[in-house]
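Number of protein chains: 4
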Amino acid sequence: MIKVGIIGGAGYTAGELLRILLYHPQTEIIFVHSSSNAGNTVSDVHVDLLGDTGLKFTSTMPLSDVDVIFLCMGHGKSKEFIEKNELPGRLKVVDLSHDFRLKREGNEFVYGLPELNREEIKTAKKIANPGCFATGIQLALLPLAAGNLLVDEVHVQAITGSTGAGQKPTETSHFSWRNSNLSAYKIFEHQHQGEILQSLGQLQPGFSNGFNFVPIRGTHTRGIFVSAYTKFEGPLEEANELYQAFYIGHPFVVLSEKNPSLKQVVNTNKAVLYLEKHHDKLVIISLTDNLIKGASGQAVQNMNLMFGLDEKAGLNLKPVAF
Amino acid sequence: MIKVGIIGGAGYTAGELLRILLYHPQTEIIFVHSSSNAGNTVSDVHVDLLGDTGLKFTSTMPLSDVDVIFLCMGHGKSKEFIEKNELPGRLKVVDLSHDFRLKREGNEFVYGLPELNREEIKTAKKIANPGCFATGIQLALLPLAAGNLLVDEVHVQAITGSTGAGQKPTETSHFSWRNSNLSAYKIFEHQHQGEILQSLGQLQPGFSNGFNFVPIRGTHTRGIFVSAYTKFEGPLEEANELYQAFYIGHPFVVLSEKNPSLKQVVNTNKAVLYLEKHHDKLVIISLTDNLIKGASGQAVQNMNLMFGLDEKAGLNLKPVAF
Amino acid sequence: MIKVGIIGGAGYTAGELLRILLYHPQTEIIFVHSSSNAGNTVSDVHVDLLGDTGLKFTSTMPLSDVDVIFLCMGHGKSKEFIEKNELPGRLKVVDLSHDFRLKREGNEFVYGLPELNREEIKTAKKIANPGCFATGIQLALLPLAAGNLLVDEVHVQAITGSTGAGQKPTETSHFSWRNSNLSAYKIFEHQHQGEILQSLGQLQPGFSNGFNFVPIRGTHTRGIFVSAYTKFEGPLEEANELYQAFYIGHPFVVLSEKNPSLKQVVNTNKAVLYLEKHHDKLVIISLTDNLIKGASGQAVQNMNLMFGLDEKAGLNLKPVAF
Amino acid sequence: MIKVGIIGGAGYTAGELLRILLYHPQTEIIFVHSSSNAGNTVSDVHVDLLGDTGLKFTSTMPLSDVDVIFLCMGHGKSKEFIEKNELPGRLKVVDLSHDFRLKREGNEFVYGLPELNREEIKTAKKIANPGCFATGIQLALLPLAAGNLLVDEVHVQAITGSTGAGQKPTETSHFSWRNSNLSAYKIFEHQHQGEILQSLGQLQPGFSNGFNFVPIRGTHTRGIFVSAYTKFEGPLEEANELYQAFYIGHPFVVLSEKNPSLKQVVNTNKAVLYLEKHHDKLVIISLTDNLIKGASGQAVQNMNLMFGLDEKAGLNLKPVAF
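Chains as they are written, first to last, in the UniProt record's numbering: chain P, 1 to 322; chain C, 1 to 322; chain Y, 1 to 322; chain V, 1 to 322.
With the rest of the complex left out, here is chain P (with noise of 0.2 Å):
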């Protein structure tokens, strides 16, 4: 069993992480880590898991115990955590945050895109698990981009569920002011550029044509709905092809043949992917769970893929479908 600490336990994407692992058949659950809730039971934040379990918030991080620490805090937090705390050498860490995603002199994480690092995160120490927009964006464009089929500006549209904004309440996750609204936000700036373009540029070295990005927030709570298109010379078969290639052996992206909708992904870990083909246009729909493979189930996916179990383990979840 891998021994498992979570940090930053009381926030959303940590309750995710707990609602997989508390019945994924290999994990033990150590110890979830909460300065504002320590001593209190897991289930009094997290209510939907009254009844599975009895864990309380920890005061402590027994560091030492653990094979692995998911970091659930807050953007910057994970920087701070990783620079005051001295790690045992043989943890293991999947951070959450946006803190190591970026390349830069001195990050020895790996960026957590499966589908794009497998073998890198096989045999990482530290994984910086990826952004939710920035996932469904990047498994839309990877194949395109390993083919170096980027050749004209890319238009990315994507609308987010709320979850995505974090259990704080805003305005803008008002009830009354978010159901049925809609609003666009960060428009051509969202900060998930970066690691979209990080990501587009490795397999396609060189990339520099224009990505435009609309971010909406919808009106939902769960998944994020893409639609991209680029200038792509081929058939529809074609692409089609190459998608099918990119992801072969990839157990989480599918392919649909049909149109499909965003409710197919939703509280599994899976990505679909859908192409069509107008003018000298490839459109490319990419539907994810935000907070699923958008990132607690990519966390533990990654988990999976660091202690070589199946890359599946404990993530056959049931889709909510309705």
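No lab work stands behind these hints: they were computed from the structure. Heads up, some of the hints might be wrong.
Since the list gives no way to pick out one identical chain from another, each pair is judged satisfied if it fits inside one copy or across any two copies.
Unchecked claim - For lysine to aspartate or glutamate, the following EDC-like pairs were computed, each having C-alpha atoms within a straight-line distance of at most 20 Å: (1) Lys277 - Glu233; (2) Lys258 - Asp44; (3) Lys231 - Asp280; (4) Lys186 - Glu257; (5) Lys186 - Glu276; (6) Lys103 - Glu115; (7) Lys56 - Glu257; (8) Lys312 - Glu28; (9) Lys231 - Glu189; (10) Lys231 - Glu153; (11) Lys126 - Glu115; (12) Lys281 - Glu153; (13) Lys277 - Glu189; (14) Lys231 - Asp152; (15) Lys258 - Glu189.
With chain P fixed as given, assemble chains C, Y and V onto it according to the hints.
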């Protein structure tokens, strides 16, 4: 033109008042006071009014320039306001808080439910506008009380939209929590019970049978769905006639022959009632929009009555329907 | 491995069964019969299963190849099926329709509510799986009936998700109509009352006090929110002990100390109960997922019991939570 | 008073027309024709109008008794109607279908987008009311076309409410399917592209750059959220001035300085526009209510212009806001 001042102009009920009064044919808005927003344009806060008005929030309250003020501050604040300010003798007041709804020594406010107290309202100077749950529930039960027909316990269940809880972000108003969710609260202990029992007792003196009330938070923004039932000996026809007779001449209460649904009243000042008889019970469905008939629309209805205008002036609102 | 056949494979309850059984550790799905979809892949209809299974719907029902069949056809169709087909002697049957829920001469089906009839279910060959409202309401009331404590009228109000009404498009399932809407239906006359009263009478023979039930269509897809109350003399502690004692050893029923909300159970087989005492009334909140504990999850729970498996096998489902 | 007849009275757009015209100060509804509902009261179908009108649907169309008719039938039916019926010479027609939107030999209808064709509309006898997507998208782009500034491909993405698809129940309008769901459809091939390109070409003759349009089904009932962008050389101020100048005197188009959200326009005839500049791109957000500015409200706006009334008559609608 009736000259209007609004105090506490940044909240939900003030917003609804503005949406109604801006196009009321016989009112002119002289000032909208908000200490926190003084100097800002009204449409900065009530953004749907962009293009409808260039009004700005004021820090002053020129009470002698207006004929009527609407108090839209939090509960408790109206009492403070009345105590601190000397009101010009001719100024009328409509208070939307619960501060003056209950009769007690020295309380000069008339309880502003037109279907109960229309004649008193016409000559009143100060109106305590009813609570939202209280409005929907009283309209369901008043005809029975008027006939001394509340002879057994009354059972009431009501589902409210999120706007009933105001605009302050809280855990239970967070979209991620509330969307597709339901929860009961203040079971058998809701603060509106006082005014409901007061009105029932006004019509049926000595009413003291049990009043059982389960309030429920719904996953919608606007509207209160009340289902109520109590013992009733006669046939359905008798009940329908009783209700028809009681509400004759009250333009906003409509008796439906068909089982109705909540959206029939959303964005209107109407209350739709519907009756069924089963065994020895009369079941009453009562539908209202909590922000309009349950708050700001009723406040305008009261103003219309106080100034001798057509009761419906400014209140022929387009239903949202969908 | 238990070999499973599903009949009526295209509907909502069959879809949920598939979502659960595909990852059940001790079952193998041998066939999924659908006359209208024979030959199509299962994931063409249950599109969220794309990538999870390559199963196709069959036009044949090889009954002798399986250990158990689940009947997921419309109400009335199960009776027809049982009359027309000679079932192999060893074949077990779980029927999700209401055809065999009521006891009558010649009805060999055991009513499959494990918290009521677990021992009988273990040795049964044929199970009538309870209705969704019936499950949530019975779990709220059984401990009282078991103590002969239903001494006065029972008041029940339940709000159901849209999936309870099946997948046939109707006026009241149209998104434009139902979104943000609420409506009551079959007031005091819902067809599940029969099975509820049957079970209450099983534990409290002679129970004949009034049963008042208002079913409501909610604006959500999954889950039933029940609020019920009746006279109860003792203090809250006594009620909590009574419920705790009754459900001890029943792994899916959880008593909450805090006022819960519906989403705590969505996408799980759990029922969360919560009690409050007011005046002379005990109030019970009961939360279930209508498609899981109220249908397909309970069907699997029954199968587990019939075959001597762990009652929770395959039912450790990740809650959707949001 | 303008005397009005409505043909095809049972559908969504007719319902909206009725909701608006019943309280329009200068119109009188003479008949509402519906072959399927003849004899029934209008509020049996448009149930939110209960208490507002006692009108009944007619089986006859007394065309000589009215000044204007609104054609609210399905697409294709208006053409049939015009061919089959001889219209009185003085009768004006507003057609809400797409039958006459495209210019062609013999088409006498004026395309009824007041912000494009106001002068022509004033003297027109027959109006082809624009499509809902077409309205929102054109309002986003017309000022650029008017300045010959569409110099590169145009990228448009629009999310529509469910009422845009009409009231016939379908798989994608089923609440269980659509709630919390998102899906693209008719990608790059939506039927409204024709009228959009026609209008852009009217202002910028020879416009033939690519028009890329991804329509998306949202999980809301009312409103179209458009995000569009294209190359624009100048600074943001220049764009804002251009839009301000183009829409000066058009009372329903409002330029927002702040990033707006869809509900600002729901239940109104307004279009809210908002601009941002990034790199070489101008991004335009355009918000409209598909049933009002995108259909029946615009139809009334056209009627007002045709009869020389105030363009806003009857259209000072209370926003739903929440």
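Comparing the hints with the structure gives:
1. For the homomeric pair Lys277 and Glu233, the shortest alpha-carbon distance inside one copy (10 Å) is at most 20 Å, but the shortest distance between copies (30 Å) is not.
2. Taking identical chains as interchangeable, the C-alpha atoms of Lys258 and Asp44 lie at most 20 Å apart only when they sit on different chains, with a minimum of 9 Å there against 42 Å within one chain.
3. Proximity of Lys231 to Asp280 under the C-alpha cut-off of 20 Å is found in both arrangements, the shortest distances being 6 Å within a copy and 19 Å between copies.
4. Proximity of Lys186 to Glu257 under the C-alpha cut-off of 20 Å is restricted to the inter-copy arrangement: shortest distance 15 Å between copies versus 32 Å within a copy.
5. With identical chains, the CA atoms of Lys186 and Glu276 are at most 20 Å apart between copies only, with a shortest distance of 10 Å across copies and 27 Å within one.
6. Taking identical chains as interchangeable, the C-alpha atoms of Lys103 and Glu115 lie at most 20 Å apart only when both belong to the same chain, with a minimum of 18 Å there against 51 Å between chains.
7. Within a single copy, Lys56 and Glu257 get their C-alpha atoms only as close as 46 Å, which misses the 20 Å cut-off; across copies the closest is 16 Å, which meets it.
8. Taking the shortest Cα distances, Lys312 and Glu28 sit within 20 Å of each other both inside one copy (17 Å) and across copies (19 Å).
9. Taking the closest pair of Cα atoms, Lys231 and Glu189 come within 20 Å of each other only across two copies (17 Å); inside a single copy the shortest separation is 22 Å, beyond that limit.
10. When the C-alpha separation of Lys231 and Glu153 is checked against a cutoff of 20 Å, the pair qualifies both within a copy, at 8 Å, and between copies, at 12 Å.
11. When the C-alpha separation of Lys126 and Glu115 is checked against a cutoff of 20 Å, the pair qualifies only within one copy, where the shortest distance is 17 Å, while the shortest distance between copies is 47 Å.
12. Both within a single protomer and between protomers do Lys281 and Glu153 lie at most 20 Å apart by alpha-carbon distance, with minima of 11 Å and 12 Å respectively.
13. In the homo-oligomer, the alpha carbons of Lys277 and Glu189 lie at most 20 Å apart only across protomers (11 Å), although the nearest pairing inside one protomer, at 28 Å, exceeds that limit.
14. Taking the shortest alpha-carbon separations for Lys231 and Asp152, both the intra-copy value of 6 Å and the inter-copy value of 14 Å come in at or below 20 Å.
15. Taking CA atoms no more than 20 Å apart as the test, Lys258 paired with Glu189 passes between copies only; the shortest distance there is 16 Å, against 32 Å inside one copy.
Violation of the numbered hints given earlier is absent; every hint is satisfied by the structure.
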